[in-house]
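Model the full structure from these sequences, guided by the hints.
Chains as they are written, first to last, in this note's numbering: chain A, 59 to 250; chain B, 431 to 892.
Note that these hints are calculated values from the structure, not bench results.
All residues carry an ideal CB built from backbone N, CA and C; glycine is no exception.
Hints are all accurate, no fakes.
To be clear about the criterion: a stretch of chain B counts as covered by chain A if any three or more of its residues have a C-beta under 8 Å from a C-beta of chain A, and this derived list gives those stretches:
hint: 1; stretch: 492-499
hint: 2; stretch: 534-543
hint: 3; stretch: 564-574
Here chain B is said to cover these stretches of chain A; the calculated rule only asks that three of the stretch's residues, wherever they fall, bring their Cβ under 8 Å from a Cβ of chain B:
hint: 4; stretch: 83-95
hint: 5; stretch: 98-104
hint: 6; stretch: 113-123
hint: 7; stretch: 128-142
hint: 8; stretch: 151-159
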Amino acid sequence: MRGIRRVAILVVSALCLSGCTLVSTSSSPSLVDPATVPLGLLGLTIPFTPYAQVRWVTRDIYLIAPGQRIVAIPRSMTAPPTLAAVLYYETQGPTPTEMAAGLTSQVPSNLVINQADIQGHVASIDVSKVFNQISTANRRIAVGQLVFAAAAMGATKGIQISVEGLPFTLTLASGAKVKVITPAQMAYLKKG
Amino acid sequence: MRSRSLRLRLVLIFGLGTLLLSSLLGTLTFFGVRDVLISQQQKTDLQQSYVNAALIRNTLYTAPLTLNSEVSSIEQSANSTLILKINGQWQTQSLLVPTVNISSAARRAVNDGHVTTETRMVLSDLDYVVGIPMPAVQVQVFEVWQLDGLEQNLRVLVLVIGSAALFTTILGASGGIWVSRRALRPLVVVSDAAARIAGGDFDTRLPTTHAGSEVERLTESFNTMVNQLVTKLERDARFASDVSHELRSPLTALAMSASILEQHREELAPAAQESLTLLSAEILVFQGLIEDLIELSRSDAGANSLSLEVMPIAELTRQAVRSVARRTGESGPPVQVTPEVEAARVLVDRRRFERIIANLLDNAQRYAGGAVAIRLSLHAGRVELNVDDAGPGISESDQEHVFERFFRGRAAHDRSTVRGTGLGLALVREHVKSLEGEIRATTSPEGGARFQIELPLVEFPS
Numbered sequence: 059m060r061g062i063r064r065v066a067i068l069v070v071s072a073l074c075l076s077g078c079t080l081v082s083t084s085s086s087p088s089l090v091d092p093a094t095v096p097l098g099l100l101g102l103t104i105p106f107t108p109y110a111q112v113r114w115v116t117r118d119i120y121l122i123a124p125g126q127r128i129v130a131i132p133r134s135m136t137a138p139p140t141l142a143a144v145l146y147y148e149t150q151g152p153t154p155t156e157m158a159a160g161l162t163s164q165v166p167s168n169l170v171i172n173q174a175d176i177q178g179h180v181a182s183i184d185v186s187k188v189f190n191q192i193s194t195a196n197r198r199i200a201v202g203q204l205v206f207a208a209a210a211m212g213a214t215k216g217i218q219i220s221v222e223g224l225p226f227t228l229t230l231a232s233g234a235k236v237k238v239i240t241p242a243q244m245a246y247l248k249k250g
Numbered sequence: 431m432r433s434r435s436l437r438l439r440l441v442l443i444f445g446l447g448t449l450l451l452s453s454l455l456g457t458l459t460f461f462g463v464r465d466v467l468i469s470q471q472q473k474t475d476l477q478q479s480y481v482n483a484a485l486i487r488n489t490l491y492t493a494p495l496t497l498n499s500e501v502s503s504i505e506q507s508a509n510s511t512l513i514l515k516i517n518g519q520w521q522t523q524s525l526l527v528p529t530v531n532i533s534s535a536a537r538r539a540v541n542d543g544h545v546t547t548e549t550r551m552v553l554s555d556l557d558y559v560v561g562i563p564m565p566a567v568q569v570q571v572f573e574v575w576q577l578d579g580l581e582q583n584l585r586v587l588v589l590v591i592g593s594a595a596l597f598t599t600i601l602g603a604s605g606g607i608w609v610s611r612r613a614l615r616p617l618v619v620v621s622d623a624a625a626r627i628a629g630g631d632f633d634t635r636l637p638t639t640h641a642g643s644e645v646e647r648l649t650e651s652f653n654t655m656v657n658q659l660v661t662k663l664e665r666d667a668r669f670a671s672d673v674s675h676e677l678r679s680p681l682t683a684l685a686m687s688a689s690i691l692e693q694h695r696e697e698l699a700p701a702a703q704e705s706l707t708l709l710s711a712e713i714l715v716f717q718g719l720i721e722d723l724i725e726l727s728r729s730d731a732g733a734n735s736l737s738l739e740v741m742p743i744a745e746l747t748r749q750a751v752r753s754v755a756r757r758t759g760e761s762g763p764p765v766q767v768t769p770e771v772e773a774a775r776v777l778v779d780r781r782r783f784e785r786i787i788a789n790l791l792d793n794a795q796r797y798a799g800g801a802v803a804i805r806l807s808l809h810a811g812r813v814e815l816n817v818d819d820a821g822p823g824i825s826e827s828d829q830e831h832v833f834e835r836f837f838r839g840r841a842a843h844d845r846s847t848v849r850g851t852g853l854g855l856a857l858v859r860e861h862v863k864s865l866e867g868e869i870r871a872t873t874s875p876e877g878g879a880r881f882q883i884e885l886p887l888v889e890f891p892s
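Okay, here's the thing in structure tokens:
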């Protein structure tokens with residue numbers, strides 16, 4: 059009788075266990091022997107190069123916080139950082155985590171930066187035609203994002219925008235039309 | 431506690447044995463397959479993580495601005511989630527929070543330059559996380575692989591193994607039933623034969639089979655035992671019969687002498703008359719004993735011929751009571767018959783039936799001051815004849831043994847009762863059995879003894 063009871067307990071326990079996790083979890087991570095790691099992943103330089111390395115710097119891009127306020131958000135990018143790289147990250151907009159936190163961007167993600175350089179603290183930026191599809195109100199904010207991003211890279215006197223080679227003139231809130239847009243003209247966007 | 435049947439025990443042993451074995455095999459198989467599957471899956475995932483990490487490194491070196499699209503492409507093709515730590519910042523394409531997916535120990539180890547692997551349960555998802563540091567590009571890559579598919583496969587495996595164990599257990603139990611039937615068949619045959627012999631069928635023997643040497647030996651031993659038993663019984667019966675016959679002649683002479691002396695009783699001295707009375711009484715008892723012994727011997731030897739005829743049981747009983755009353759000079763007990771019994775008929779030997787009634791009434795007279803009634807009724811195609819008295823009754827322990835030869839029971843200690851031969855009830859049972867009936871002793875409604883005889887009906891009353 060006792061034997062039958064024991065077998066019954068075993069069977070019931072087995073059935074209960076079958077409802078639990080069948081793959082055991084790790085109590086601590088396992089370390090892989092470095093000698094077995096392939097493709098030179100643990101090497102200090104890029105394979106087949108004597109010294110090539112990638113180093114990182116942090117630069118700000120500008121996104122729109124709740125309340126239509128433009129805020130600086132850091133982005134890591136490979137050194138040396140370029141205006142084109144910063145503007146590229148500007149077009150990438152917020153990460154999923156940042157979006158969850160309410161950050162947005164008026165710079166379209168399909169906007170292509172054809173050319174970007176800085177001369178005399180003024181940045182010249184040529185963009186694709188997608189730029190023209192932005193509504194007037196939103197375009198002002200998008201330009202503000204680009205102005206602050208370029209200023210952070212040294213274009214402290216403003217930016218000149220061209221769309222596929224054609225110069226772009228921005229109409230300010232005051233009604234004035236400008237070709238070089240300065241950070242001062244867009245400063246109100248930082249206040250929200 | 432009632433002992434469990436041998437067959438049930440065999441079936442249980444077979445069933446539980448197969449359950450135990452199949453469970454053991456199933457468990458070993460499961461753990462073996464599980465380990466192989468997990469090991470292979472993790473090995474594949476680790477190798478793929480190395481390749482993906484190398485792709486990311488090359489992208490960062492050649493076209494860093496395409497990193498996001500490269501990561502998306504890898505995630506789609508590998509069906510995994512990539513979490514990168516670049517310049518101290520976590521980057522991921524999804525909403526995954528790295529601190530949840532990656533343990534702090536793994537993060538520390540990767541920070542220290544080690545490739546790590548770990549299996550984690552995160553938000554009810556089972557994940558395999560590979561962490562790879564890449565010093566050349568100053569990036570740590572953590573790739574999260576979901577093991578839910580593997581878990582699902584293992585659950586199916588458990589189901590299959592469980593079903594197989596259940597099937598083999600049923601198969602084992604069925605095997606147990608088959609084996610127990612085969613193995614116990616000789617025991618059943620022996621048991622049936624022993625029951626028939628106990629019921630008086632001494633011609634019963636076990637048939638010789640070729641079921642195996644053990645069974646053959648059992649059959650041989652059983653038949654030898656029965657032969658010896660029958661021989662002994664026959665010898666005893668013959669001895670009793672011989673002794674009875676040898677004693678009958680001198681006893682008859684003695685009885686005749688006593689009878690002659692009875693005719694001259696008046697001429698004897700008072701003391702001699704008293705002795706003559708005692709002598710005559712003892713001779714009567716002795717004659718009864720010898721007659722009973724001879725009849726039992728005949729019955730044992732099967733020499734008593736039956737003269738069967740179909741007769742109405744009610745009328746037959748009344749005649750038997752009247753006959754006894756005439757012989758003893760006393761009024762017999764009333765015969766109480768239910769209306770349906772009047773037409774009931776039984777197949778009986780009249781002489782034996784009368785002897786049954788005579789012995790039962792004689793027994794009631796000796797030990798209970800006479801029977802109070804003979805009651806007849808019908809039950810399930812059988813007639814029930816009860817000889818009831820109002821005496822002290824028979825204790826439950828004696829009711830089983832009262833039909834044994836020379837059984838005296840409580841009467842052995844009671845000097846006030848008249849001594850009988852001790853064979854009357856044994857003879858009654860033999861006669862009832864010869865009429866294919868049954869007899870048992872119980873308690874009468876008056877609180878005395880009841881001798882209940884059941885005889886099969888041959889004609890049902892309409």
